[in-house]
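Protein chains: 2
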Amino acid sequence: MANMKILMVICDGMADRPQDELDGRTPLEDASTSTMNKLANDGQCGLMNPIGIGIVPGSDTAHLSLLGYDPYEYYCGRGTLEAAGLGIYMKPGDVAFRCNFATSDENLTILDRRAGRIASGTDDLAEAINGLEIDGVKIIFREAVEHRSVMVLRGPGLSSKVTETDPHHEGQIAWKSTATEPEGEKTARILNKFTKLSFNILDKHPINQARKAEGLKPANIILARGPGGVPDIPNFMENHGLKAEAIVGITLVKGLCRILGMEVPEIDGATGGADTDLDAKMKATIEALSDNDFVLLHIKGTDVFGHDGDAIGKRDFIQKVDDELGNLIANLGDDVLIAITADHSTPVSVMDHASDPVPLLIHGKGLRSDMVENFSELEVSIGALNIIDGQELMLLLKGLAGWNEKFGA
Amino acid sequence: MANMKILMVICDGMADRPQDELDGRTPLEDASTSTMNKLANDGQCGLMNPIGIGIVPGSDTAHLSLLGYDPYEYYCGRGTLEAAGLGIYMKPGDVAFRCNFATSDENLTILDRRAGRIASGTDDLAEAINGLEIDGVKIIFREAVEHRSVMVLRGPGLSSKVTETDPHHEGQIAWKSTATEPEGEKTARILNKFTKLSFNILDKHPINQARKAEGLKPANIILARGPGGVPDIPNFMENHGLKAEAIVGITLVKGLCRILGMEVPEIDGATGGADTDLDAKMKATIEALSDNDFVLLHIKGTDVFGHDGDAIGKRDFIQKVDDELGNLIANLGDDVLIAITADHSTPVSVMDHASDPVPLLIHGKGLRSDMVENFSELEVSIGALNIIDGQELMLLLKGLAGWNEKFGA
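Residue numbers (my numbering), protein chains in the order written: chain A, 1 to 409; chain B, 1 to 409.
Hints were generated in silico from the structure; no laboratory data involved.
Possibly wrong hints are sitting among the right ones.
One copy or any two copies: either way a pair holds, since identical chains are not told apart in the list.
[Unchecked claim] Calculated cross-link-like contacts (lysine-lysine; reagent style DSSO-like; alpha-carbon spacing at most 30 angstroms): (1) Lys406 - Lys161; (2) Lys283 - Lys406; (3) Lys320 - Lys406; (4) Lys243 - Lys212; (5) Lys176 - Lys193.
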């Protein structure tokens with residue numbers, strides 16, 4: 001029998017808890033999900049602790065785990081992942097940070113950590129900072145969505161062993177970075193010079209002058225957090241023996257997949273938000289499957305509604321995803337094993353990630369079924385897959401799809 | 001309460017997937033198995049990953065695991081197990097190989113790797129080779145079923161760190177063995193001399209002259225594979241504190257059980273195939289239980305039908321096994337805990353081992369029951385035993401049967 005291709009669908013933060021607004025049902029239970037229910041009914045289900053029992057996963061650490069990597073060994077910091085997601089490829093010795101454009105007064109007291117969620121002009125502001133040098137260290141700076149951006153420091157003697165400059169609360173002065181290990185001292189010094197320099201350059205920039213004139217908050221300082229060094233992660237293809245592509249909108253997961261050496265195409269309309277073009281992503285998935293052994297389809301919107309505390313919105317978005325998955329399934333060959341799951345729970349009532357395990361379904365022609373009839377956090381708990389750890393998922397999928405070699409005779 | 005005796009019944013490769021020929025049922029589901037169903041209904045069930053999640057087990061590595069040994073630590077190569085199965089007891093420094101009688105031309109090009117599946121005369125041919133010496137190394141050689149045989153090399157400076165001489169494809173010249181580590185150099189040299197010597201002796205042997213005259217393929221060369229050294233495995237009795245016997249037909253599992261120090265009687269009619277005398281094995285099992293704490297009953301036929309892709313044959317054989325188990329159970333005392341399982345899945349649709357977990361049932365007078373009513377891959381998934389790893393099985397059985405000491409007060 002030929003090996004099956006593997007399609008892993010991750011609906012970010014889809015798993016939830018019972019919500020009053022949904023009469024005590026979870027968004028997934030309350031949604032009409034005929035496609036996922038059919039797959040669950042015909043396939044095998046279970047629960048999964050993305051990282052481990054009781055652990056509250058980040059999207060980045062959870063994705064590492066679900067792709068078969070120990071996040072405690074391979075997590076390289078969010079700055080690095082965001083940089084890779086924006087196409088900045090780090091060299092040995094580089095240090096990356098996630099940054100915010102923020103609003104500051106002359107004393108570097110932070111008035112708004114997101115500069116009024118600035119929506120345009122950050123490309124020009126980034127341009128004014130990108131390429132600066134401080135004490136022989138080069139600043140590579142790139143804008144991302146809204147107030148977000150990424151910075152990579154390049155030069156001798158750098159280290160990610162430093163604290164961040166984002167004070168996390170408005171009304172506080174931008175924090176001074178300090179070294180958490182002696183090798184971080186130079187980096188902390190450069191970072192502190194950079195904070196001041198960013199204010200000096202940005203505050204007088206024409207874009208911010210115009211914002212002030214319009215009564216908008218100027219994006220006149222850069223706050224840095226999530227320092228990360230260059231990752232040393234085994235390539236996905238070498239690790240798993242599978243040619244792989246990821247269909248994903250958000251920078252963080254894009255970055256991770258790129259660092260793992262997966263193909264990550266840019267897809268028009270894949271925004272990484274609730275307004276993403278699901279249809280375009282499904283088409284890209286079908287295309288990716290024709291040329292790969294493994295495809296990761298990542299859908300972010302579910303998580304956004306969880307963070308916003310919007311139960312109805314989350315339910316309706318799940319329903320939309322299910323419709324689109326129906327079209328996808330109709331176009332899948334018999335040679336594709338499909339797994340549908342979440343990277344973590346983002347309960348509407350918590351408005352943040354939680355440690356609750358996520359539901360998992362696996363369906364493939366000729367594979368076993370179990371007693372589960374519908375795909376929900378509640379029902380999958382009697383499934384044949386029982387409860388697994390995220391790091392076991394790839395091994396499980398590869399085994400069922402025929403990729404694992406026999407051990408012994 | 002007195003400890004119970006433990007009877008572990010392993011139906012080799014019995015676990016399967018839904019099959020079209022059986023209207024989407026597995027052979028075990030489709031078979032009438034009133035005995036196993038009654039035991040499942042009264043007892044406790046679950047699933048088991050014989051070696052670990054996603055791992056495709058061999059029969060040898062899976063049996064190690066189910067008998068409580070880490071196969072990654074104790075697997076010693078198939079040659080060693082086959083040799084022990086044929087009653088050749090290795091001494092420290094010996095190296096064993098599984099061998100084939102094959103057909104070769106004068107240039108040692110292999111024309112048939114199985115010498116036309118030669119059915120008789122290999123005892124005489126083995127006799128012509130057994131006892132030879134090459135550079136002070138003694139050849140111990142024994143015929144097995146059909147074209148199969150086993151060789152043990154005995155002498156100073158040997159090692160199993162060598163490649164095999166079986167080219168695995170017809171039309172190729174017998175491979176030259178090479179050392180995979182420096183300590184294998186002498187063994188590779190001896191093995192290469194042996195390949196030529198085997199041709200020189202066998203090609204002119206009267207049995208092969210007669211075969212050629214009849215138009216049959218001569219069994220005129222020996223191909224060696226699966227090199228194995230002397231195992232260093234803790235004795236079953238010392239490891240588990242249980243006096244043990246194995247009722248088994250096939251050489252590979254016989255060998256493993258002998259290496260573990262279990263009693264392994266020769267049973268007339270136990271062929272290790274679908275034509276085995278199940279009745280004789282059941283009688284031997286009853287007898288073994290009278291004198292032991294632990295009995296392994298191994299039934300190979302289920303696996304054979306899986307490898308042959310024969311769903312109906314597999315179902316019918318399972319039914320036959322169930323009938324015989326009915327007779328067995330009727331003759332068991334109340335003091336026997338019985339566990340029924342498989343060493344791995346051999347789905348008819350895969351025609352080889354697969355990583356799918358196997359069903360497990362445990363039944364003993366006075367032990368708990370669960371919600372499972374029938375013994376099948378599907379139903380046991382809701383059982384109280386949940387899903388365990390093969391290496392946990394002995395501990396579980398010994399615990400339930402009363403053999404484990406209290407830890408603490």
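Tested hints:
1. Taking identical chains as interchangeable, the C-alpha atoms of Lys406 and Lys161 lie at most 30 angstroms apart only when they sit on different chains, with a minimum of 20 angstroms there against 44 angstroms within one chain.
2. Proximity of Lys283 to Lys406 under the C-alpha cut-off of 30 angstroms is found in neither arrangement, the shortest distances being 35 angstroms within a copy and 34 angstroms between copies.
3. Only between protomers do Lys320 and Lys406 lie at most 30 angstroms apart by alpha-carbon distance; the minimum there is 29 angstroms, versus 41 angstroms within a single protomer.
4. When the C-alpha separation of Lys243 and Lys212 is checked against a cutoff of 30 angstroms, the pair qualifies neither within a copy, at 51 angstroms, nor between copies, at 51 angstroms.
5. Proximity of Lys176 to Lys193 under the C-alpha cut-off of 30 angstroms is restricted to the intra-copy arrangement: shortest distance 10 angstroms within a copy versus 68 angstroms between copies.
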